[in-house]
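> Start from the sequences, fold in the hints, and give me the full structure.
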Amino acid sequence: MDRSLLGYLYSRYSMAKSKLVDSCIFCKIVKKEAGATILYQDDQVTAFRDTHPVAPTHILIIPNKHIESLNELLDDDKTLIGHMFVIARQIATQEEIHEGGYRIIVNTGPDGGQTVFHLHLHLIGGQRMRHPLG
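So the sequence shown is numbered by the numbering used here: it starts at -11 and just counts up by one.
Derived from the structure by calculation, the hints contain no laboratory data.
Note that CB positions come from ideal geometry on N, CA and C, so glycine has one too.
Heads up, a few of these hints could be off.
Heads up, simulated DSS-like pairs for lysine-lysine below, C-alpha to C-alpha not over 25 Å straight-line [claimed, not checked]:
# : residue 1 : residue 2
1 : K66       : K16
2 : K66       : K53
3 : K16       : K53
4 : K20       : K53
5 : K19       : K53
6 : K19       : K66
Listed next, with one range per pair, are the computed distances between beta-carbon atoms [stated by the list, open to error]:
#  : residue 1 : residue 2 : range
7  : E21       : E87       : 22 to 28 Å
8  : I26       : L61       : 21 to 27 Å
9  : P98       : K16       : 17 to 23 Å
10 : G89       : Y28       : 30 to 36 Å
Following this line, the structure appears as structure tokens:
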């Protein structure tokens, strides 16, 4: 493929990706440009209540940096992902669902049920979970 065409395609891709980040509702929540009931925020992650809960407790935990999905993770993100799970445990304790149990879900891609393309954990609890999921 011609180098000039590759350069053009890469620039178009970069422009489209930057627009995605600019319009990402979760990025706006991190920057406090969109409303959410934030339960926790530090320099790496933000946690807030889901606006369409499927259980009495339904909290989303997101990285502050835009990562589209699990498929976009880099080796450098290992510490961040571990931190997300530690915060999930901390919030489960804070919400008093840690003893009865809770579920952590990560949807990846359209067929996986992902509707917001910014990586996020669903922390769900406060009731007995049902099976099967699919």
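> Given a hint of 30 to 36 Å, does the C-beta separation of G89 and Y28 actually sit inside it?
Taking Cβ atoms as reference, G89 and Y28 lie about 20 Å apart, which means the hint is violated.
> Has the given pair, K66 with K53, been kept, meaning a C-alpha gap of at most 25 Å?
The given pair, whose Cα atoms are some 14 Å apart, holds under the 25 Å limit.
> Range hint 22 to 28 Å: satisfied by the CB atoms of E21 and E87?
Since the Cβ atoms of E21 and E87 sit about 36 Å apart, the hinted range of 22 to 28 Å is violated.
> Please verify whether K66 and K16 have alpha carbons no more than 25 Å apart.
24 Å, holds
> Does 21 to 27 Å hold as the CB distance between I26 and L61, or does it fail?
24 Å, holds
> Just to be careful, I want the Cα atoms of K19 and K53 compared with a cutoff of 25 Å; is the pair within it?
Since the Cα atoms of K19 and K53 sit roughly 10 Å apart, the hinted pair holds (cutoff 25 Å).
> So if I understand the rule, the pair passes when the alpha-carbon distance is 25 Å or less; does K19 with K66 pass?
23 Å, holds
> So does P98 sit 17 to 23 Å from K16, Cβ to Cβ?
22 Å, holds
> Can you confirm whether the C-alpha distance between K20 and K53 stays at or below 25 Å?
14 Å, holds
> Given the hinted pair K16 and K53, is their Cα-Cα distance within 25 Å?
11 Å, holds
The earlier numbered hints that this structure contradicts are 7 and 10.
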